[in-house]
Amino acid sequence: MSDASTAAPPVKASPFHNLEVLWVRHWNDQLFSFGVKRPEDFRFRSGEFVMIGLPGEDGAKPILRAYSIASPFWAEELEFFSIKVEDGPLTSRLQKIQPGDSVLMGKKPTGTLVLDALTGGERLWLIGTGTGLAPWLSVARDPETYSRFKQVIVCHTVRNVADLAYRDFFSHEIHDDPLIGDEAKAQLTYYPTVTRERFETPGRITDRIKSGDVFADLQLPIGFSPNSDRVMLCGSMAMIKETGELLESYGLKEGSNAEPGDYVLERAFVG
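Residue numbers (this note's numbering): 428 to 698.
Be careful, since some hints might not be right.
Straight-line C-alpha distance at most 27 Å; calculated DSS-like pairs for lysine-lysine [to be verified]: (1) Lys488 x Lys511; (2) Lys523 x Lys534; (3) Lys523 x Lys535; (4) Lys523 x Lys511; (5) Lys511 x Lys534; (6) Lys488 x Lys534; (7) Lys535 x Lys464; (8) Lys680 x Lys668; (9) Lys577 x Lys535; (10) Lys511 x Lys535; (11) Lys637 x Lys577; (12) Lys464 x Lys488; (13) Lys511 x Lys668; (14) Lys535 x Lys488; (15) Lys523 x Lys577; (16) Lys534 x Lys464.
Because the hints were derived from the structure by calculation, they are not lab data.
Please work from the sequences and hints to get the whole structure.
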């Protein structure tokens with residue numbers, strides 16, 4: 428019998444990185460963020476998503492879900508922003524992770540919430556609900572964002588004031604960013620809205636678009652212009668559908684990686 432016939436079969440490479448959890452932050456009983464060590468060979472574009480998960484229990488297959496990367500492309504660690512679902516197959520376990528634990532991450536980032544999928548414009552709207560804020564944490568820290576657009580507006584709609592995770596970051600901490608702090612201070616506007624509690628800008632972002640309040644608050648012409656406005660959408664299916672229809676009514680056209688346009692949405696999170 429030859430050596431070749433007795434050699435062990437080659438070990439199949441894992442489709443996942445096994446990454447150490449560096450930190451965890453619980454914003455409230457519904458939301459948390461965590462950071463993991465970035466693999467040296469992992470490259471992505473700001474705004475893309477990747478599969479995140481945990482090994483299956485009792486020998487079952489790993490459980491994975493799509494998560495937007497909340498870090499910019501140049502960051503040395505990868506950050507993620509998640510909801511907590513008590514009986515969720517993944518988040519019921521993921522919310523219990525601690526520094527030093529491990530999570531699984533896919534090796535192939537992808538997505539349409541990237542600057543490459545938009546044509547040129549003057550004003551970039553980053554509109555998200557809930558954890559749909561995550562990709563804007565990435566895009567808003569990318570130097571190219573400020574070189575391509577004169578104004579960047581981050582709109583974040585949540586149910587309760589306590590759900591405004593990263594409010595302090597977008598309000599002032601980003602101004603101290605060593606790479607884009609000065610640009611953000613001059614060009615970035617943060618516009619949060621709250622639907623279930625008293626707040627200075629109450630209601631859903633879609634309602635404030637329809638009423639014209641968002642434009643009045645920001646001292647902008649009413650409506651979106653195909654000539655100047657570019658929009659990214661991430662969050663609830665209802666918001667994405669309604670806002671997409673509003674944008675189309677103003678003449679904006681949906682774009683993609685293959686054919687850049689006036690607005691983009693992430694279909695991976697829309698079912």
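Structure-based check of each hint:
no.: 1; hint: Lys488 x Lys511; in the structure: 21 Å, holds
no.: 2; hint: Lys523 x Lys534; in the structure: 24 Å, holds
no.: 3; hint: Lys523 x Lys535; in the structure: 25 Å, holds
no.: 4; hint: Lys523 x Lys511; in the structure: 10 Å, holds
no.: 5; hint: Lys511 x Lys534; in the structure: 24 Å, holds
no.: 6; hint: Lys488 x Lys534; in the structure: 17 Å, holds
no.: 7; hint: Lys535 x Lys464; in the structure: 16 Å, holds
no.: 8; hint: Lys680 x Lys668; in the structure: 14 Å, holds
no.: 9; hint: Lys577 x Lys535; in the structure: 31 Å, violated
no.: 10; hint: Lys511 x Lys535; in the structure: 25 Å, holds
no.: 11; hint: Lys637 x Lys577; in the structure: 24 Å, holds
no.: 12; hint: Lys464 x Lys488; in the structure: 23 Å, holds
no.: 13; hint: Lys511 x Lys668; in the structure: 24 Å, holds
no.: 14; hint: Lys535 x Lys488; in the structure: 19 Å, holds
no.: 15; hint: Lys523 x Lys577; in the structure: 41 Å, violated
no.: 16; hint: Lys534 x Lys464; in the structure: 14 Å, holds
In this structure, the earlier hints numbered 9 and 15 are contradicted, and the remaining ones agree with it.
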